[in-house]
Amino acid sequence: MKKELALFMLVITVMGVVASGCLSGQESTSTSTASGESSTSEKTTNVVIYGYGSEMITLDPSTEFSNSIVVLANVYECLVKYTPNGLEPWLATSWESNENGTIWTFHLREGVKFHTGNTMTAEDVKWSIERTLRMGLGPAFIWDPIEKMEVVNDYTIKFYLKYPANLPLIASSAYGAYIMDSKYLSTIGDDNAIADWLNQGQDAGTGPYTIVKDKYDPKTEIVLEKFSDYWGGWSNDQFDIAVIKIVPDASLREQMVTSGEIQITRDLPLDDLPKLQENPNVKVDQTASYQELYAFFNTKKEPLNNKLVRQALSYAVPYKDIVDYVLHGYGEVAKGPIPKGMLGHFEDLNMYTYDIDKAKQLLAQAGYPNGGFKLVLTYTQGDQAEAKVAEIIKAEWKKLGVEVEIRPMNWEQQWALAKSDPSKAQDVLMMYWWPTYPTPYDFLFNMFHCEEEINFNLCYYCNGEFDKAIDEAATLEGINQDKAAQLYRKAEEILMEDAPAIFFYNPDDVYVYHKSIAGFKDNPGYPQVVFFYDLHKA
Amino acid sequence: MRFREYIVYRLVLAVFVIIGVVTVVFFVSRIIPSDPAALWVGAHPTPEAIERAREQLHLNDPVVKQFAYYLWSLLHGDLGVSIRTHNPVAVDLKSAFTATFELILAAEFIAIVIAIPLGVYSAVKKDSWVDNFGRVFAISGVSLPAFWFGIVLQLIFFKHLGILPLAGRVDTVVMLEHPLHVITGFYLLDSLLTWNIPVFVDALKHLILPALTLAMYPIGLITRQVRSMMIEVLNENYIRTAWAYGLPSKKIYFEYALKNAIAPALITVGLSFAYTLVGAFLVELIFNWPGLGRYAAYAILSMDYPAVLGVTIITATAYVFINLIVDLIQVKLDPRIRL
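Just so you know, the sequences run in chain order A and B. With this note's numbering as the guide, the letters of the first sequence map in order to residues 77 to 614. With this note's numbering as the guide, the letters of the second sequence map in order to residues 172 to 510.
In isolation and in its complexed conformation, chain A is listed as follows:
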């Protein structure tokens, strides 16, 4: 009988091993080769680990439009770096344009080496942007203004635009603006072959870190290794190895960072932050993000097609209470559609404030003295903050006699519903927006510009005067920021008057890091990215 038991266990084990071998003929993603061993084994005490909540998606800088920028921004570099204080040189040392912002010249940094050993030149810049445009996926649209590029010499490149645009800002984009090694990548094959090669965990960037290929497991951890020939040089207290460890559970990340098992993390439960602020093992970094929470009114459906109703509902939102209750103070009440810190944000914009009497008065004026209608509100399932906001506005609007039916939905589902047919879509839709690169145009165009086919204008808003103002502002952004700001202000005032959406709040980016590291600086232009090069041992 014992034999049978042993046999049973053996059969099960063998079955498991065989099945794991049969499942795929492809190489295991977590294997390491002899070369991997030698390259990392000697210098491991010098490791920094970033505990991150989501898995990596793709590693192709031309198409990646999601989480993986946390890897890409450490491995590749853009021509220009965005900071809240303005644009800074990165791979380009300087740039200038003609008077109307249609021809831009970038002067590149000399002596920059790719991880492959090749030297970066203007050809690489041209090739990288051309490939992104050719593939036309993900964030490729950022380069839309480009008519053609001209390589003047090895370290100078000229861009001719179809229409004026703030090209340095575009070139600083967290998505789709990384420069790749054209000489190396063109030997691999066509664009798809290159994408496959990159997605296996290889890179061709100039950044301070390079991906350790044999340790690339997008679901578990991504190991980055210092690139010795980095143009910025290295000091002794920087980290030789940086790891992005995927830990989806927030409370687990919290325990890990307090115990020092990981050194930095974000997106921890907001309720726990006050406690963490008192913990001597960790430091809490709180910076305003470029994210904003909106609720879009369905302006194509009664009664929300009535401006007065929308205004009334906008007055019946306790903005300050929401920030206190939902964000526990880790954020600010939104001042219009553009987050704080960006061009186009105005502290003194005429905002809606909580005024239930005014709301009742407006509703009566609109012909609904006691409310008496019902609205369907959708939000992204699983988002605790959105759920809380939905509950609060349901309670507040009830005071006006307006019933709200709350429907949590998977994001793709609620988006599909909103895009289907406005007359059957939800009445109110809640959603966050953050920019592809930090320009107000990305916000205002995507969410409020007239659209023939609905994409992100989920309030179905269309106002010619508004469109004209933002379109003109966008062309002036690169050459006359004051004029651009004036036009953006005009557009936002129109928007506040028409009230197609409610602007709730801008949450803060909150990073928690272990006392053993220092140098961390949040950059809202590169959301969720930790620049490991800035970090050093405390």
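What the hints contain is simulated information worked out from the structure, not anything from laboratory work. Nothing here was measured: the structure is a model prediction, and the numbers come from that model. Quick reminder that beta carbons are idealized off the backbone N, C-alpha and C, glycines included. It is possible that some hints are incorrect.
Calculated lysine-lysine pairs in the DSS-like style (CA-CA distance at most 25 Å, straight line) [what the hints assert, rightly or not]: (1) A:LYS411 with A:LYS436; (2) A:LYS189 with A:LYS302; (3) A:LYS351 with B:LYS330; (4) A:LYS234 with A:LYS202; (5) A:LYS450 with A:LYS434; (6) A:LYS359 with B:LYS330; (7) B:LYS430 with A:LYS591; (8) A:LYS238 with A:LYS224; (9) A:LYS383 with A:LYS450.
Listed next, with one range per pair, are the computed distances between beta-carbon atoms [to be verified]: (10) B:PHE187 with A:ALA269: 34 to 42 Å; (11) A:ALA269 with B:PRO233: 26 to 34 Å; (12) B:LEU363 with A:SER311: 38 to 46 Å; (13) B:VAL199 with A:TRP310: 25 to 33 Å; (14) A:SER311 with B:ILE354: 35 to 43 Å; (15) B:LEU326 with A:GLN460: 18 to 26 Å; (16) B:ASP249 with A:TRP307: 38 to 46 Å; (17) A:LYS597 with B:LEU472: 39 to 47 Å; (18) B:PHE318 with A:LYS559: 54 to 62 Å; (19) A:GLU206 with B:VAL234: 32 to 40 Å.
Put chain B on the given structure of chain A with help from the hints.
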């Protein structure tokens, strides 16, 4: 029916079961309104990018055609590409499967090692404090939720005692210092095969808490089964006769009684494999174990239907095979059961 014919018959049946499961899951996942193309392209896509993705993913085709396309790929061993991770589902599943299987095996090992002696001892010392403790332990194991056990174990062994790691399969730094050459995907086995002792020790430490958490349910189940069968057997005449002959108690308990009591327990062990597979889904989330459960949870939440289908196929196949093996062992053990 002969034994060999029976196996073939069951295997053919298994194929139909799996096809049935795939069909149901495929069509149900298409009925739920969602936009896989939007998930594929990422955060703020343009309509053109979505349209292109729709073509690439064959989403414009009729559902039946999509199903035929899926089955055809399946026949070629291709489980499709995950909409969320853009990875071939088979590649994703491979590493996840071995991680889960290692965890389940460890849990079953712990369960057997603890539950069988505990069950025997409880039966022998019926109504003693050991028996009472065994019964409470067994009932708690079966009825208390795994995530509760998991968190309690983490609090005790990680937070207060600091002797076992919190989560994951192996420590990042240990893995960097002593790179593991992966052969089978089972870290314990691979580290032994390549004689990588630091990784073996670390992987073992990481395995203890999740495996123990996962073992609680089968421990309860098997203890109860062994105990009740042992009590029944110990009341049989032949055992009384054995006592009368003055045979040593060890021989009576372990050779005569346990031999007869263990057959049904063995079935329970087999079936508890299936339970632990489901239990692992939750335990993996608590311990950040990169296995099937964690993969499935995120696939379901994001409506990544090729991944959901992949997990379903693997789980269904495992279920069918475990049941088949249990049945076969039962037949071998008890010839009275007809094929």
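The hints, checked one at a time:
no., hint, result
1, A:LYS411 with A:LYS436, "23 Å, holds"
2, A:LYS189 with A:LYS302, "13 Å, holds"
3, A:LYS351 with B:LYS330, "16 Å, holds"
4, A:LYS234 with A:LYS202, "9 Å, holds"
5, A:LYS450 with A:LYS434, "20 Å, holds"
6, A:LYS359 with B:LYS330, "20 Å, holds"
7, B:LYS430 with A:LYS591, "59 Å, violated"
8, A:LYS238 with A:LYS224, "9 Å, holds"
9, A:LYS383 with A:LYS450, "17 Å, holds"
10, B:PHE187 with A:ALA269: 34 to 42 Å, "40 Å, holds"
11, A:ALA269 with B:PRO233: 26 to 34 Å, "32 Å, holds"
12, B:LEU363 with A:SER311: 38 to 46 Å, "41 Å, holds"
13, B:VAL199 with A:TRP310: 25 to 33 Å, "54 Å, violated"
14, A:SER311 with B:ILE354: 35 to 43 Å, "40 Å, holds"
15, B:LEU326 with A:GLN460: 18 to 26 Å, "24 Å, holds"
16, B:ASP249 with A:TRP307: 38 to 46 Å, "43 Å, holds"
17, A:LYS597 with B:LEU472: 39 to 47 Å, "32 Å, violated"
18, B:PHE318 with A:LYS559: 54 to 62 Å, "58 Å, holds"
19, A:GLU206 with B:VAL234: 32 to 40 Å, "38 Å, holds"
Taken one by one, the earlier hints fail for this structure at numbers 7, 13 and 17, listed in ascending order.
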